[in-house]
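Novice: This is what each chain is made of:
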Amino acid sequence: MVWNAFAHRLGASPWNAIERLHHEMDRVFSGLNGAGTEEFPPVNVWTGPEGARLHALLPGLDAGNLDLAVSGDTLTLKGEREQAPEGEQAHHRREREAGRFARTVQLPFPVDGDAVKARFRDGVLEIELPRAASDKPRRITVHSS
Amino acid sequence: MTQQNPEALATREPAMPERTRERPVFSPRTDIFETEDHVVLVAEMPGVAEKAVEVTLENDVLTIRGNTEEPAFEGMRLAYAEYRTGDYQRSFVLGDKVAADRIEASMKNGILRLSLPEETPARRKIPVTTG
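Which chain is which? The protein sequence lines are A and B, in order.
Note that the working numbering has the first sequence beginning at 45, numbered continuously upward.
Note that the working numbering has the second sequence beginning at 898, numbered continuously upward.
The following block holds chain A by itself, in its conformation from the complex (with noise of 0.2 angstroms):
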């Protein structure tokens, strides 16, 4: 759009393309917080040198159905969410997805699988992975002869 003093005085402005663009992006990205990957659910994972933590976005899991399994370095989880129909008529809007999941992630090393630890709340499962103790990294003292 052509910025003239005409333009000025109709009241349109440039910064109005702006916004429109802003909202249409907003449109698309409605809904997505930036989980660019195929795979579900999403997961985010920190790691230290004593082990890992891992979350996975899962609103409306069933927690009491959750398959949780670790096996070395790797780290399963199927389950399935809920959508409870409510003697649901007419859809306005359906945005939500449900129904079985499964999921493989590998992690940076090997775990202990007796002590790890997994919580679910607020929609996040959140899982305590921490390093196997043969796997940790070990002190070599050099002897200077």
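Honestly, I wouldn't trust all of these hints.
To be verified - Derived lysine-lysine pairs resembling DSS-like cross-links, with alpha carbons at most 30 angstroms apart:
no.: 1; chain 1: A; residue 1: Lys122; chain 2: A; residue 2: Lys180
no.: 2; chain 1: A; residue 1: Lys122; chain 2: B; residue 2: Lys1005
no.: 3; chain 1: B; residue 1: Lys994; chain 2: B; residue 2: Lys1005
no.: 4; chain 1: A; residue 1: Lys161; chain 2: B; residue 2: Lys1005
no.: 5; chain 1: A; residue 1: Lys122; chain 2: A; residue 2: Lys161
no.: 6; chain 1: B; residue 1: Lys948; chain 2: B; residue 2: Lys994
no.: 7; chain 1: B; residue 1: Lys948; chain 2: B; residue 2: Lys1005
no.: 8; chain 1: A; residue 1: Lys161; chain 2: B; residue 2: Lys994
no.: 9; chain 1: A; residue 1: Lys180; chain 2: A; residue 2: Lys161
As the list claims (entries may be wrong) - To spell it out: a stretch of chain A is covered by chain B in this simulated footprint if at least three of its residues, at any positions, have a beta carbon under 8 angstroms from a beta carbon of chain B; those stretches are:
no.: 10; region: 84-96
no.: 11; region: 103-114
no.: 12; region: 134-140
Claimed, not checked - FRET-style restraints, in silico, Cβ to Cβ:
no.: 13; chain 1: A; residue 1: Arg138; chain 2: B; residue 2: Asn956; range: 20 to 28 angstroms
no.: 14; chain 1: B; residue 1: Phe970; chain 2: A; residue 2: Asp158; range: 14 to 22 angstroms
no.: 15; chain 1: B; residue 1: Pro968; chain 2: A; residue 2: Phe153; range: 16 to 24 angstroms
It should be emphasised that the hints constitute simulated quantities derived from the structure, not laboratory data.
In this text, a Cβ means the ideal position worked out from N, Cα and C, and glycines have one as well.
With chain A fixed as given, assemble chain B onto it according to the hints.
Specialist: Chain B in isolation, oriented as in the chain A frame:
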């Protein structure tokens, strides 16, 4: 001849109110459906605790908000991220048929459920006073 008004540009207010928090804001995935006498709204806001939810109704605009905190673990860094953490916000314009004073809201496991009873003027109770 172009006329420029430097003052107008300098004092221009941002068109949309800015937030005081610097978190990204997402629009929660929402299902909306009708039952016999309610409109039900189900919004996914994972990571939002019950006390961090805010539902407001102003001039027929229903706004849902949820705040989250950035997780941080001592001695660890975020090594791999498939999603971003942030706050949630979304607004809906309600039709006349909703009884605003009887809206029910519940939040559990990151899912906000709003039950909006429909106003049925034909059956509105008329209070009867004595005297």
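Novice: A separate judgement is required for each hint: does it hold in the structure or not?
Specialist: Evaluation of the provided hints:
Taken as a hint, the Lys122 (chain A) and Lys180 (chain A) pair is honoured in the structure, with Cα atoms around 28 angstroms apart against an allowance of 30 angstroms. A threshold of 30 angstroms between alpha carbons decides the hint, and for Lys122 (chain A) with Lys1005 (chain B) the separation of about 21 angstroms falls inside it, so the pair holds. Between Lys994 (chain B) and Lys1005 (chain B) the CA atoms are separated by roughly 27 angstroms; this keeps the pair inside 30 angstroms, and the hint holds. A threshold of 30 angstroms between alpha carbons decides the hint, and for Lys161 (chain A) with Lys1005 (chain B) the separation of about 21 angstroms falls inside it, so the pair holds.
As the CA atoms of Lys122 (chain A) and Lys161 (chain A) are separated by approximately 16 angstroms, the hinted pair is consistent with the 30 angstroms bound. For the hint linking Lys948 (chain B) to Lys994 (chain B), the alpha-carbon distance of about 29 angstroms falls within 30 angstroms, and the restraint holds. Distance hint between Lys948 (chain B) and Lys1005 (chain B) is fulfilled; the C-alpha atoms sit about 11 angstroms from each other, no more than 30 angstroms. For the proposed pair Lys161 (chain A) and Lys994 (chain B), the alpha carbon gap of about 48 angstroms is over 30 angstroms, so the pair is violated.
The straight-line distance between the Cα atoms of Lys180 (chain A) and Lys161 (chain A) is roughly 19 angstroms, inside the 30 angstroms bound, and the hint therefore holds. For the region 84-96 of chain A, the proposed coverage by chain B is satisfied: 10 residues have a C-beta within less than 8 angstroms of a C-beta in that chain, meeting the threshold of three. Judged by the Cβ-Cβ criterion of 8 angstroms, the region 103-114 of chain A is covered by chain B as claimed, because 4 of its residues qualify and three suffice. With a cut-off of 8 angstroms between beta carbons, the region 134-140 of chain A has 7 residues touching chain B; three or more are needed, and the interface restraint holds.
Separation of Arg138 (chain A) from Asn956 (chain B) is about 27 angstroms and conforms to the stated range, judged on CB atoms against 20 to 28 angstroms. Between Phe970 (chain B) and Asp158 (chain A) the beta carbon distance is about 20 angstroms. The supplied range of 14 to 22 angstroms therefore holds. Range check, Pro968 (chain B) to Phe153 (chain A): Cβ separation about 20 angstroms, and the 16 to 24 angstroms hint holds.
In this structure, only the earlier hint numbered 8 is contradicted, and the remaining ones agree with it.
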